[in-house]
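Asker: Going line by line, the protein sequences match chains W and Z. Using this note's numbering, the first residue of the first sequence is number 1, and each one after it goes up by one. Using this note's numbering, the first residue of the second sequence is number 1, and each one after it goes up by one.
Treat the hints with care, since some could be wrong.
Computed cross-link-like contacts, BS3-like style, restricted to lysine-lysine with a CA-CA straight-line distance of at most 27 angstroms [as the list claims (entries may be wrong)]: (1) Z:K99 - W:K5; (2) Z:K52 - Z:K99; (3) Z:K99 - Z:K54; (4) Z:K103 - W:K4; (5) Z:K103 - Z:K52; (6) W:K5 - Z:K103.
No lab work stands behind these hints: they were computed from the structure.
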Amino acid sequence: MTIKKALIYAAIACCNGIGDVMLKRGMTDVGTIHLDQWQHVFTAVFNPWIVLGIGCLAGFFYSYLTALSWADLSYVLPATALGYVVTTVLSRYFLHEQVSPWRWSGVLLISVGVGLVTRGPSLTQPEIEPVEAVPEEVHELV
Amino acid sequence: MNWFRLWTAIGVLVLSSSAGDVMLSAAMKRVGDMDALRSNHGLLAVMVRVLKEKFFLLGLVCLTFSFFCLLTALSWGDVSLVAPASASLTFICSIVLAKFFLKERVDHRRWIAAGLVCVGVALLAK
Chain W
1 MTIKKALIYA
11 AIACCNGIGD
21 VMLKRGMTDV
31 GTIHLDQWQH
41 VFTAVFNPWI
51 VLGIGCLAGF
61 FYSYLTALSW
71 ADLSYVLPAT
81 ALGYVVTTVL
91 SRYFLHEQVS
101 PWRWSGVLLI
111 SVGVGLVTRG
121 PSLTQPEIEP
131 VEAVPEEVHE
141 LV
Chain Z
1 MNWFRLWTAI
11 GVLVLSSSAG
21 DVMLSAAMKR
31 VGDMDALRSN
41 HGLLAVMVRV
51 LKEKFFLLGL
61 VCLTFSFFCL
71 LTALSWGDVS
81 LVAPASASLT
91 FICSIVLAKF
101 FLKERVDHRR
111 WIAAGLVCVG
121 VALLAK
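So here's chain Z without its partners, still in its complex pose (with noise of 0.2 angstroms):
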């Protein structure tokens, strides 16, 4: 049941770090341009102004979850296995996630390319 024990890691951390990107993303579209951010104002501004968006803070909280299980995972198989298989099955959730939380356009060319790291994800597990 080994492989059941590492697909069950890699399914929970494909959810936390979905659920993570997500609402990293809705944070940094609220503090906008972060390069010019920094121009302007510095790094330390920078920091000030992220860490007061409260959905990057519970992003956090769901990718620090999800890193504590990819080394659980680690531990348990090939990292030329659980790194590419667990990442390229969160890019596929959370572009269904972004399409209907952040509304984002995901044309044809972006669910073609989905649909290319999905064949790519099954063939790493070979």
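If we strip away everything but chain W, and leave its shape as in the complex, we get (with noise of 0.2 angstroms):
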């Protein structure tokens, strides 16, 4: 795994995890979405908490989009979850939220998981899938 890679994979994971954090804030203070008035999720918008959450996410939208320029998708989903690791430990730490020991296994699992997926090949050669190959295609569009 190159330095490239693993910046993309931790920027990826950061900015996830502390924007789902930020959003769950936000709708603290905006409070509970009843179905008979959905369109009051709308005015979350106007919340500075979802507007940082949602600045973050945009931060992780442009890395994800980056990873996949290169990766595939199966091989960038992973640093998805990373994610969650950072989520657990700021509900925990910054919401209060209580997390118990089979969540924090969860997370243990869900990094295993990241790893293995890390160690392996990030992007199916077009040779494996020569139907699926169309590089002149793609080099007469970039």
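Since each chain sits alone in its own frame, please combine them into the complex, following the hints.
Answerer: Here it is in structure tokens:
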């Protein structure tokens, strides 16, 4: 795994985890959404925590797109899974939610899964699926 | 029935988010290395190039819909349950879709990892 890949993985994980926690903090201010007043969900975008959360998720989206441009979806997705570790730690110590030992072991299993995937190849080689290989067209478009 | 309402929201969120992921991946493979494109032509050129992909725009519609489902689900449950549960179920669903629609080579290593994440999700819900 190169430094470039590690940095992109870290950016995806941190932005995703921090963004989710800020959204939850914002939705605590906004209150419960009821199905008969579902339009209430749109007022959430004026809450500062929601705005910060959206900012973090925008950073996540940019890093995610960059990674997808040179790696398989099934390789990049585990990076978003690393965000759960960040989310769980922040929801315990920042939002003061109860996190049981079961949840901590879930976080551990997810982390092991992420470790496994990142040790494998990052991109399916075109030769393996010759039907799907369209290098000429791709080069033309770029 | 609060759990039913919460898990229905998570289910809708997972399906739309996975469809969005697969569409984004297809679009970005056509765009090519974004870092190289940015250093050669600048950020504006990258944005123009990405926005020209119709799969990118379709993927964005799916992800926007799933985002509002996420906000709704977050108002109904704890973030330490909703965020990991929805994101890791999306992870499994997207890998299955990536194998069949994007023809990615999902080897044993990736399936085992997917299984670990699945069990991890079940534990997060406890």
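Asker: Confirm or reject each hint.
Answerer: Cross-check of the supplied hints:
| no. | hint | verdict |
| --- | --- | --- |
| 1 | Z:K99 - W:K5 | holds, 22 angstroms |
| 2 | Z:K52 - Z:K99 | holds, 25 angstroms |
| 3 | Z:K99 - Z:K54 | holds, 21 angstroms |
| 4 | Z:K103 - W:K4 | holds, 26 angstroms |
| 5 | Z:K103 - Z:K52 | holds, 23 angstroms |
| 6 | W:K5 - Z:K103 | holds, 23 angstroms |
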